[in-house]
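A.B. asks: Chains B and C: place on chain A using the hints.
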Amino acid sequence: MKKLIEGSMAVAEAIKVCRPHVISAYPITPQTHVVENLSQFVADGELKSEFVNVESEFGAASVVLGSSATGARAFSCTTSQGLLLMLEVLYNIAGLRLPVVMVVANRAVSAPINIWCDHQDAVTVRDAGWIQLWAEDNQEAYDMCLQAYRIGETPEVSLPVMVNFDGFILTHAFEPVDVIEQKDADQFLPPYKPAQYLTTKNPLTFGLLVDPDYYAETRYRLQVAMEDSKKIIEDVADEFKSKFGRYSGGLVEKYRLDDADTAVISMGSVSGTIKEVVDSLRDEGKKIGLLRIRVLRPFPKEAIFAALKDVKNIIIMEKNISLGLEGMLATEIKACFYAKEKQPKVSGYIVGLGGRDIPQDSIRNTILKAEKELAQAEFVDLKHQLIGGVL
Amino acid sequence: MAKPEGVVAKPGSSKKYKTGSWRTKKPVFKHDKCTDCRICVMVCPDGVIFGADKEYHADMDFCKGCGICAEECPVNDIEMVLEVR
Amino acid sequence: MKKPEIKESLLAPGHKACAGCGEALAARIIMDAAGPNTIVTAATGCLEVFSTLYPQSAWKMPWIHSLFENSSAVAAGIEVALKAMGRENEAKVIAQGGDGATADIGIGCLSGMFERGHDVLYVCYDNEAYMNTGIQRSGLTPFEASTTTSPSGEISWGNKTDKKPMPEIAAAHKIPYVATATVGYVKDLEKKVKKALSIKGPKYLQVHCPCPLGWAHDPALTIKVAKTAVQTGLIPIFEMEQGKITSVRKIAKKQPVEEYLKLQARFRHLFKKPGGEAEIKRIQQIADNNIEKYGLM
Numbered sequence: 001m002k003k004l005i006e007g008s009m010a011v012a013e014a015i016k017v018c019r020p021h022v023i024s025a026y027p028i029t030p031q032t033h034v035v036e037n038l039s040q041f042v043a044d045g046e047l048k049s050e051f052v053n054v055e056s057e058f059g060a061a062s063v064v065l066g067s068s069a070t071g072a073r074a075f076s077c078t079t080s081q082g083l084l085l086m087l088e089v090l091y092n093i094a095g096l097r098l099p100v101v102m103v104v105a106n107r108a109v110s111a112p113i114n115i116w117c118d119h120q121d122a123v124t125v126r127d128a129g130w131i132q133l134w135a136e137d138n139q140e141a142y143d144m145c146l147q148a149y150r151i152g153e154t155p156e157v158s159l160p161v162m163v164n165f166d167g168f169i170l171t172h173a174f175e176p177v178d179v180i181e182q183k184d185a186d187q188f189l190p191p192y193k194p195a196q197y198l199t200t201k202n203p204l205t206f207g208l209l210v211d212p213d214y215y216a217e218t219r220y221r222l223q224v225a226m227e228d229s230k231k232i233i234e235d236v237a238d239e240f241k242s243k244f245g246r247y248s249g250g251l252v253e254k255y256r257l258d259d260a261d262t263a264v265i266s267m268g269s270v271s272g273t274i275k276e277v278v279d280s281l282r283d284e285g286k287k288i289g290l291l292r293i294r295v296l297r298p299f300p301k302e303a304i305f306a307a308l309k310d311v312k313n314i315i316i317m318e319k320n321i322s323l324g325l326e327g328m329l330a331t332e333i334k335a336c337f338y339a340k341e342k343q344p345k346v347s348g349y350i351v352g353l354g355g356r357d358i359p360q361d362s363i364r365n366t367i368l369k370a371e372k373e374l375a376q377a378e379f380v381d382l383k384h385q386l387i388g389g390v391l
Numbered sequence: 001m002a003k004p005e006g007v008v009a010k011p012g013s014s015k016k017y018k019t020g021s022w023r024t025k026k027p028v029f030k031h032d033k034c035t036d037c038r039i040c041v042m043v044c045p046d047g048v049i050f051g052a053d054k055e056y057h058a059d060m061d062f063c064k065g066c067g068i069c070a071e072e073c074p075v076n077d078i079e080m081v082l083e084v085r
Numbered sequence: 001m002k003k004p005e006i007k008e009s010l011l012a013p014g015h016k017a018c019a020g021c022g023e024a025l026a027a028r029i030i031m032d033a034a035g036p037n038t039i040v041t042a043a044t045g046c047l048e049v050f051s052t053l054y055p056q057s058a059w060k061m062p063w064i065h066s067l068f069e070n071s072s073a074v075a076a077g078i079e080v081a082l083k084a085m086g087r088e089n090e091a092k093v094i095a096q097g098g099d100g101a102t103a104d105i106g107i108g109c110l111s112g113m114f115e116r117g118h119d120v121l122y123v124c125y126d127n128e129a130y131m132n133t134g135i136q137r138s139g140l141t142p143f144e145a146s147t148t149t150s151p152s153g154e155i156s157w158g159n160k161t162d163k164k165p166m167p168e169i170a171a172a173h174k175i176p177y178v179a180t181a182t183v184g185y186v187k188d189l190e191k192k193v194k195k196a197l198s199i200k201g202p203k204y205l206q207v208h209c210p211c212p213l214g215w216a217h218d219p220a221l222t223i224k225v226a227k228t229a230v231q232t233g234l235i236p237i238f239e240m241e242q243g244k245i246t247s248v249r250k251i252a253k254k255q256p257v258e259e260y261l262k263l264q265a266r267f268r269h270l271f272k273k274p275g276g277e278a279e280i281k282r283i284q285q286i287a288d289n290n291i292e293k294y295g296l297m
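Chains as they are written, first to last, in this note's numbering: chain A, 1 to 391; chain B, 1 to 85; chain C, 1 to 297.
Looking at chain A on its own, in the form it has when it is part of the complex (with noise of 0.2 Å):
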C-alpha cells in the first residue's frame, strides 16, 4: 500500500512492523521525527513496545545493548553528535554480537555546529563494527530496516546493522512510500531466537576481560562475520524482492555501467541527481554511469571491483572527508584495484559538506574536468572569496 509520508514516518512505519521489543534514543535534529512518531505508535498502543527516555545517546545505546543481549529485539535512532557520543558503545555492541538495529538520519559534525546532511558522521564510525547499510530514497531506507533485522539476527552474522539515510535532504521529504502490512512482515521477519542470551536458565558470562592470548581470535571473528555477511545481505535482499517485488538491497546498485568509461560513485540521495547527469551525459554520447555504494561495512570491493574492472575514470564525489588525507571513498576505492592489471584513474570530490546543495551542473562540470585532471580531495564549488581572511 503507497503513502505519501515523509521519510521519518515511513522509516518509524518500517520499524513498526519489525516489532522492537525495546526503543531507546535521545532526541538530535534531524533524527527527531522518527523517535517522536515511534513514541506516538507506543502511546497509542499501535506499538508494544517498551519506549525508554534516555539522558543521553550514551545511555541510549547502553540501554538498547541491555536489551539485545536479554534476547530483545532493540532499536535506536541518532545522528552526528549523537553517534560520536555512543561511540564506545559502538565497538561495545558488536564485540557482544548483539543485533542491535539503529538508523542514522546523517547530518555533519560540530565544529563549527551544522545540523544539515553530510555523512561525516557514520563514515567516522564505519571502523566499530556495525554493518551499514546507505539508502538512496526514502522506499529504500524503509525496505532496509526490515532487511537490517534479518541481516543482524542470521546466527553466523549477529553483529548490529545501521541503516543511513540524509537528513533533512530524506527524512523531511515527502514521498510516496509503499508499506507493508504487519502479517507479510512477520513472514518476512520472524521472531528473534538467539542462540545465547542473558537468561537465569544459562547463566553465562558476557563481556569478558580478554588478554592477549585471546584477543585477537575475537576480532578475527569479527572480520571474518562481516566478510561473511555480505552474501547474507545480498540473499536477504533477493528474498525482500521475491516477497515484496522490489530490490532494494544488496552490495552496490550499478546505473548505465554495462558500457562506461567512466564511473560517478557515490552514497545516499546525491545518486538521485547524479543519474540524472548521467542520463544527459549519456545522451550527449559519453559512456558513463554511476556506481552507488549501498553497503559501506563490510566493504564491498569483489563487488566494486567486478563492477568497475573495464572502466577508465573514476569519478567519486562523497560527503565526508578524513582530514589530512582525502575522502574516505577516494582511498577505500583505490584500495579495490590495488595490484590489478588494469588501474583506472581515481579523482576524489568533496561534496555537499554541511547540507550545502549540489546542483546538476556542479555535478556536470566536475565530471567533465575529471576527464583532464586527476583530483585528490578537492572540494567542489568552494567560496573562494570566503577564504583568506574575509572570515
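Hints were generated in silico from the structure; no laboratory data involved.
The beta-carbon is built from N, C-alpha and C at its ideal position, and this holds for glycine as well.
Treat each hint with caution, since some may be false.
[What the hints assert, rightly or not] Quick list of the computed label-pair ranges, beta carbon to beta carbon:
no., chain 1, residue 1, chain 2, residue 2, range
1, B, 82, C, 195, 40 to 48 Å
2, B, 75, A, 191, 57 to 65 Å
3, C, 160, B, 28, 42 to 50 Å
4, B, 30, C, 2, 21 to 29 Å
[As the list claims (entries may be wrong)] Over 12 Å on every C-beta distance to chain C, these chain B residues come out as not near it, computed from the model:
no., residue
5, 28
6, 32
7, 84
C.D. replies: For chains B and C alone, coordinates are given in the frame of chain A:
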C-alpha cells in the same frame, strides 16, 4: 544453531584456576574452642571455608591466606602459620 | 536447630581478587543474598577484571559487563527487555559499579536509571579510589587520603575534597530505597540486599569495601578497618526510605579518627609531617559532623 564464539564464559568456570598457590600463610583450624558461630565462613572474601558442627576448614585449592578468618575468629581458634611447600 | 550446609557461593572461587579484598567479600555476600534468579551487570573495574578473565568466569548467575560508565543503563535495558518479553518474573536485576564508575564517570547513566524508575538494585562498591588502574583518586576518595593522583607531598596533605554525598544524591531522585553498608558488618549488608530486592523500583546501596592494596593495610584487617571506619563516625551506616532516614547503625563506643587512620598507610603522612595533628582535627570534624547529621550516637 550457529552462535558467535568467544563472547561468553560458562558459570563458575573460574574454579579451573587454583588461587591456593598465592598463599604464603595458611589458616589452621584448631577445632578446639569453636563455637559454631560461622563468622569465619561469612568473612572469607573467597567463600572457601566449608564444614559444619564446629569443624570448619578452608579449601586449600583456593585459600589465598589473607588471614581475615583468623583475625575475626572471636575465640582465636584459627591460627595463621607459614605455608611450607 | 542444625545449621544448613555451606554451599559454594554464587561468586565462585578461583577469581583473582587480592588476598583480603573487601570488594570480593561484599560481592559474594550480595550475590548469595540475592540468589540465582538475578541478572547482574558490572562496570569496568577490579570486580570485573578479577572475576572474568576469559575464558573463565567466577559468576554463576547471568552476568554482563559492557563499559565503565554504563552498568546502570545496561541494567535498565535488561529490565525493560524482561518486561517487554513477559519475562519479568524470571529474574531481579542488580547493577554494580565501583566508586569511580558510580560517582564520577557513570553518574549520568545512574541518574537516568533512577529518574526512570527501573526496578534495579544499583550497588556501589566503595573502595574510595580507582584501584584497578592503580589507586587514583575518585569522587569518593576521602579527605586527605594519599592516592597516586592526589599524593601527599611537600605542600600537599593528599586529596583536597571529601566524599561526594552519593547516598543523598541518589535519595534526591525520590527513589524508594537508599542504604549504606559495609563489609565490617556482613549480616547487615546481607539484610539490606534482601530488603532492597523486596522493594519495587530503583534502589541504591553503597558498600564500604576496604582495599588492602590501595589503602595499604594488612589484608587480615579488612573487617577491622571497615568496622573502625563506622565506629569513628567517618562512614555512617543508614537506610533512607522515600527520602527519609529510617535507620542508622549506632556507634557502640566512639573511637577517635586516629584509630582508623593509623591502620592505613594512605594516611601515614598525617602522622609524620609537622602540622599533621591539625589536619587530623579536620578529619575528626568530618566524623563529628556525620555523628551529628545522622544521629549516630
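A.B. asks: It remains to establish, for every hint, whether it holds in the given structure.
C.D. replies: These are the hints, each one checked on the structure:
1. Between residue 82/B and residue 195/C, the C-beta spacing of about 43 Å keeps the proposed range 40 to 48 Å intact.
2. Distance hint for residue 75/B and residue 191/A: a CB-CB separation of about 60 Å, consistent with the stated range 57 to 65 Å.
3. Range check, residue 160/C to residue 28/B: about 46 Å between beta-carbon atoms, so the 42 to 50 Å window is met.
4. Judged by the Cβ atoms, the range 21 to 29 Å given for residue 30/B and residue 2/C holds: they are separated by roughly 23 Å.
5. The beta carbon of residue 28/B is kept farther than 12 Å from every beta carbon of chain C, the shortest such distance being approximately 14 Å.
6. For residue 32/B, the condition that its CB be more than 12 Å from all CB atoms of chain C holds, with the nearest at approximately 19 Å.
7. Residue-level check passed: residue 84/B sits 18 Å from the nearest beta carbon of chain C, beyond 12 Å.
Every hint from the earlier list agrees with this structure, and none is contradicted.
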